[in-house]
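Visitor: Whole structure, please, built from the sequences with the hints as guidance.
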Amino acid sequence: MRDPLIELNRVSFAYREGEPLLQQINLTIPEGQWVSIAGANGSGKSTLVKLLNGLLAPSEGRVYIGAMEVMPDTLAEIRQKVGMIFQNPDNQFVGTTVEEDIVFGLENRCLDIEEMKQRLHQYAYKLQIADLLDKHPSQLSGGQKQRVAIAGVLAVEPDIVVFDESTSMLDERAKRNIISLMKQMRAERRYTMITITHDTDEIAASDRVVVLNGGNVAADRTPEELFQDEKLLALCRLKEPFHMQVCRRLRERGIQVGLHLGEKELLEELCRFNSKK
Numbered sequence: 001m002r003d004p005l006i007e008l009n010r011v012s013f014a015y016r017e018g019e020p021l022l023q024q025i026n027l028t029i030p031e032g033q034w035v036s037i038a039g040a041n042g043s044g045k046s047t048l049v050k051l052l053n054g055l056l057a058p059s060e061g062r063v064y065i066g067a068m069e070v071m072p073d074t075l076a077e078i079r080q081k082v083g084m085i086f087q088n089p090d091n092q093f094v095g096t097t098v099e100e101d102i103v104f105g106l107e108n109r110c111l112d113i114e115e116m117k118q119r120l121h122q123y124a125y126k127l128q129i130a131d132l133l134d135k136h137p138s139q140l141s142g143g144q145k146q147r148v149a150i151a152g153v154l155a156v157e158p159d160i161v162v163f164d165e166s167t168s169m170l171d172e173r174a175k176r177n178i179i180s181l182m183k184q185m186r187a188e189r190r191y192t193m194i195t196i197t198h199d200t201d202e203i204a205a206s207d208r209v210v211v212l213n214g215g216n217v218a219a220d221r222t223p224e225e226l227f228q229d230e231k232l233l234a235l236c237r238l239k240e241p242f243h244m245q246v247c248r249r250l251r252e253r254g255i256q257v258g259l260h261l262g263e264k265e266l267l268e269e270l271c272r273f274n275s276k277k
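First residue of the sequence shown: 1, per UniProt numbering; consecutive thereafter.
Treat the hints as calculated values from the structure; they're not laboratory data. It is possible that some hints are incorrect.
Lysine-lysine pairs mimicking DSBU-like chemistry, simulated, CA-CA at most 30 Å apart [claimed, not checked]: (1) K175 / K231; (2) K175 / K135; (3) K117 / K183; (4) K175 / K126.
Guide: Right under this line is the structure:
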């Protein structure tokens, strides 16, 4: 197990004189892991991730990023380590072109011109938006906008990337493209990733899923364990992904396929199985 990168120690949060939104949360996330945070609306998911970069301060307890506690005098350094991508990419645009938007965060880091150019083109290429650099954000599709938002975050090279419902406003094709990108990031093990999501495909692709209910950690499982627990699925208002249902039915019939296969991997496995018949 890698060293912890994120630690929440007995963390609670409430707005002034309000009911607690989080209660005595203990959570440790090691470097390089992809963790999905699931739960019904109002369970405290977005509140939790806002504590990680100081957008909110805990009412009780302590939050650590690496060896640093999240406090007013560490916020500048903490925010260089934590990048956040939100549900609506329009809310993250600050430039009049894609290029300006990606460069904005780099300028705030006071990088030299050559370094900014190198990162601009590196991450534009990585996110497949190199041909969009001179476009105005209004000219982009929803999926393209989200890729630009992700490029802007990755260009500042954070250690932790938080996706807060980042695929919920996208059509199916764009959503699949973003999840594919998340899988690539996971394979690199360069980033520690947290996804706040109701999407079962995102959850299935992650390493681990933490379920919140009423501001408490109700479960901390692998995706396979979550999808086998009907009560927990009901608590999260989730259904087992279709491709995992297919994997389970195949295993019941003696065809050994992994439950953690994605749709593409499942199709490849079925083709291999069929070719042996």
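Visitor: Holds or violated: are the alpha carbons of K175 and K135 at most 30 Å from each other?
Guide: holds (22 Å)
Visitor: Straight-line Cα separation of K175 and K126 no greater than 30 Å?
Guide: holds (17 Å)
Visitor: If you draw a straight line from the CA of K117 to the CA of K183, is it 30 Å or shorter?
Guide: At roughly 26 Å apart (the allowed maximum being 30 Å), K183 and K117 satisfy the hint.
Visitor: CA of K175 to CA of K231, is that 30 Å or under?
Guide: The given pair, whose Cα atoms are some 27 Å apart, holds under the 30 Å limit.
Every hint from the earlier list agrees with this structure, and none is contradicted.
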